[in-house]
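So the sequence lines, in the order shown, correspond to chains A and B.
Its first residue numbered 1, the first sequence is counted upward by one per residue in my numbering.
Its first residue numbered 1001, the second sequence is counted upward by one per residue in my numbering.
One should not assume that every hint holds.
With a cut-off of at most 35 Å between alpha-carbon atoms, the simulated DSBU-like pairs for lysine-lysine come out as follows [stated by the list, open to error]:
1) B:Lys1149 to A:Lys554
2) B:Lys1149 to B:Lys1018
3) A:Lys166 to A:Lys500
4) A:Lys327 to B:Lys1018
5) B:Lys1180 to A:Lys554
6) A:Lys500 to A:Lys20
7) B:Lys1174 to B:Lys1149
8) B:Lys1018 to A:Lys323
9) A:Lys258 to A:Lys327
10) B:Lys1110 to A:Lys554
11) B:Lys1018 to A:Lys166
12) B:Lys1174 to A:Lys554
Now the stretches of chain A that chain B is said to cover, found in silico as 3 or more residues with beta-carbon under 8 Å [claimed, not checked]:
13) 27-35
14) 49-60
15) 223-237
16) 308-322
17) 418-425
18) 550-563
Note that these hints are calculated values from the structure, not bench results.
We put the CB at the ideal spot given by N, CA and C, even for glycine.
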Amino acid sequence: MAEFRTCPDTGFKIDLAADKLIKWNAVTAVVFLLVGGLFGLMVALTRWPAVHLLPADLFYLALTAHGLDVLIVWIVFFEVALIYFCACVLLNARMVLPKVAWLGYILMLGGAAITNVAVLSGESSVMFTSYPPMMAAQEFYLGIILFAVGALLACLVFFATIITAKKERTYEGSLPLVVFGAMTATIIAVFTILSGAVILVPTWLWSLDLLANIDTLMYRVIWWGFGHSSQQINVVAQISIWYAIAAILFGAKPLSEKVSRGAFLLYILFLQLASAHHLLVDPGISSEWKIFNTSYALYLAVLASMIHGLTVPGAIEAAQRKKGFNKGLFEWLRKAPWGNPVFSGMFLSLILFGFLGGITGVMMGTEQLNIIIHNTLYVPGHFHGTVVVGTTLAFMAMSYWLVPTLWQKELVFPGLAKWQPYLFGLGMGLVSTFMMGAGTLGVPRRHWDMTFADATLGYDFPAAANLMMGLNGVAAVIGSIGAAIFILNMVGTILWGKAKVPAPAAAAEAPAAPSVTGAATSYGSAGTMEVPGTFVLALIFLTAFILYYFVNWKYLSGVWGLS
Amino acid sequence: MSIFPPTERVWWNQPIEKTEVMWVTIAFVWALVMFFMMPYWHISGEQNLSNEAYKVNPEVYGEKVEAWAEKYTIREEGDTGIPVVRPPAGGDVYMLGRTWEWWPIVELQKGQSYRFHLSSMDWMHGWSLLPENINIQVHPNYEMIFTVKPTSSGEFGVICNEFCGIGHHTMVGKIYVTDK
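Given these sequences and hints, build the entire structure.
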């Protein structure tokens, strides 16, 4: 029989088994953020031409480890914590099969450790993507497979828990929107992991000499079904967090359940086609296939993101206007709690993801435009705009609420926490921007020496490219300080944080109880008619999007003829 | 509130607020514009990759490139010993990627079209023509063929932008484009 405690801040019933699992997964995530982040800093300092920190072999090793530890290990551990939180805490439900959840945790941790050892021993500097025919040590693949099996078990526990919660009537009616989002992420996760199994199991067998050959094109098509889809899980998880934080801080309701849920549904149906984004300049794939897949059919997953981009701030605007912040277009936004890292992290994540990650991703995912972008530094520039200032920043924002609430402790450095999202957002936002800038000048990704000092033939990049790589290094240092403050705050709070004073002092800051928010209106936009401020922001976004998109067609039209 | 179940059980009948309807409509129209830009560019744009590719054995490909290079070599690049190959205008051009060079150096004529062949002898490579910034993924066992028409002249670099081992950053080739 599951034992529960009641959260003094929120009134949710928390299954003690789930409580423990959420905490362990979250803490493990943060540890890997530290490890992977340090590798990332070393990579950025090596690519800073004036510093050029690591020798070539260690650079390629650090880059492989950086990709694995932050892009996969940090994010997936945090996501497991998140889906357990959504399934158990938000539904007041008992966790089904906690032992399976622990097995999943052990497999993930063991797998991550095995792959890390394989990389650090120097035999597997094959990059995160591990394209054949270049072969890593067999443990490299084995570790990833074990990690994925562990993550699959976590998905299983999630589904079993929400189904049981429904049966046991721990909640009434439909799933809360945030849990619906978590379910969307988990469904995409299952697709992702199965794609990974289809390609990584044969690749592992190949590394054991049990299979003669892995076709490189097949590998890229299927591997990216895993690699890109795993990033789509992040998008959905981060958007669920945006909705959750809007609800927690403002009592915001979705403007319309139908629209927001419909947008999540579009993700389930179309996001997985994005494997094609990586294959637009590969041989042997037809243009028709490329166009259909790279555009998610008719850009229907982009449409979904644009919808969330309106409905999340829209829900906040509606809630703020109801509280009386009604002056002009933007009083609701100006009077938002910008000093609270939960809010500032979330809102920066929303803005930076849209402008830096979103627009650029759609642009370079266009079949022909990809020709002038593919494998340049523009690509990591783009995904630092999605995964770092989007997903990671959203996860940080959520942690500022989740950690003090679950552990019932005060943040150790609230003053630093206030600045942290700005520091991290600014630093990593600039990292993203400078990498994209260098990429448009042709600077390659995954490259130790852009001066080509040891090459027989050379190539000279324009001075601007070197300057941007230097600025990228500076920005990475700023971002790393931001990340370090976050990690320090989380670890410090868990280890030495003062116990929270239970109600009534805490209750004042706590999210409004359902009875309070349920009072006035039945859905988010009722009673306020409109969200004009958000609409203006959305139009600004669209204008930037359209301009940027066509500027790149202009660039493309200037290069050599290809047909 | 988004962290609680919808307050009304039958939420799918609630009206959608007009800002949302407008935005969804605008966004969908924009999605269609972006979608149709791609086929449109295939019809009237000058920069499209062909779909022509063949399975090829790396050794066979290597022999083809060498035979072709021998036929059209016009000089060697400085004291590097790398041949500079100038094929007839409108003809085939071959280049191969291997650890760690793009071979051979090619000389083309501005304004002429060439059938460009690319493949790898070993790992995957990334063919990146600079400063044009034209980038193509090069696989072993696949020969990709596309038409190239240089519209500017001078000396162009070809670097590798797919990681191909410890010497990856030394993999540089060259293309000359002459005005006549």
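Here is how each hint holds up against the structure:
A hinted pair counts as satisfied when its Cα atoms are at most 35 Å apart, and Lys1149 (chain B) with Lys554 (chain A) qualifies at roughly 18 Å. Using a Cα cut-off of 35 Å, the hinted pair Lys1149 (chain B) and Lys1018 (chain B) is violated, with the two alpha carbons roughly 50 Å apart. Straight-line distance between C-alpha atoms of Lys166 (chain A) and Lys500 (chain A) comes to about 33 Å, which keeps the hinted pair within the 35 Å bound. Between the alpha carbons of Lys327 (chain A) and Lys1018 (chain B) the distance comes to roughly 20 Å, so the proposed pair stays at or under 35 Å and holds.
The suggested pairing of Lys1180 (chain B) with Lys554 (chain A) holds, with an alpha-carbon distance near 27 Å, which does not exceed 35 Å. Annotation: proposed proximity of Lys500 (chain A) to Lys20 (chain A) holds, straight-line Cα distance about 19 Å (limit 35 Å). At most 35 Å may separate the alpha-carbon atoms for a hinted pair to count; Lys1174 (chain B) and Lys1149 (chain B) meet this at roughly 16 Å. A distance of roughly 21 Å separates the Cα atoms of Lys1018 (chain B) and Lys323 (chain A); the hinted pair therefore holds under the 35 Å criterion.
With a C-alpha separation of about 29 Å, the suggested pair Lys258 (chain A) and Lys327 (chain A) falls inside the 35 Å cut-off, and the hint holds. Taking the CA atoms of Lys1110 (chain B) and Lys554 (chain A), the gap is about 21 Å. The hint holds against a cut of 35 Å. Taken as a hint, the Lys1018 (chain B) and Lys166 (chain A) pair is honoured in the structure, with Cα atoms around 33 Å apart against an allowance of 35 Å. For the suggested pair Lys1174 (chain B) and Lys554 (chain A), the alpha carbons sit about 26 Å apart, so the restraint of at most 35 Å is met.
Coverage of the segment 27-35 of chain A by chain B is violated. Counting CB-CB distances below 8 Å, 0 residues qualify, and the rule asks for three or more. Coverage of the segment 49-60 of chain A by chain B holds [criterion: at least 3 residues with CB-CB distance below 8 Å; count 3]. For the segment 223-237 of chain A, the proposed coverage by chain B is not satisfied: 0 residues have a C-beta within less than 8 Å of a C-beta in that chain, short of the threshold of three. Here's how the segment 308-322 of chain A fares: 4 of its residues keep a CB closer than 8 Å to some CB of chain B, so the rule of at least three is met and the hint holds.
Coverage of the segment 418-425 of chain A by chain B is violated [criterion: at least 3 residues with CB-CB distance below 8 Å; count 0]. Using a Cβ-Cβ cut-off of 8 Å, 8 residues of the segment 550-563 of chain A lie near chain B, which meets the minimum of three, so the contact claim holds.
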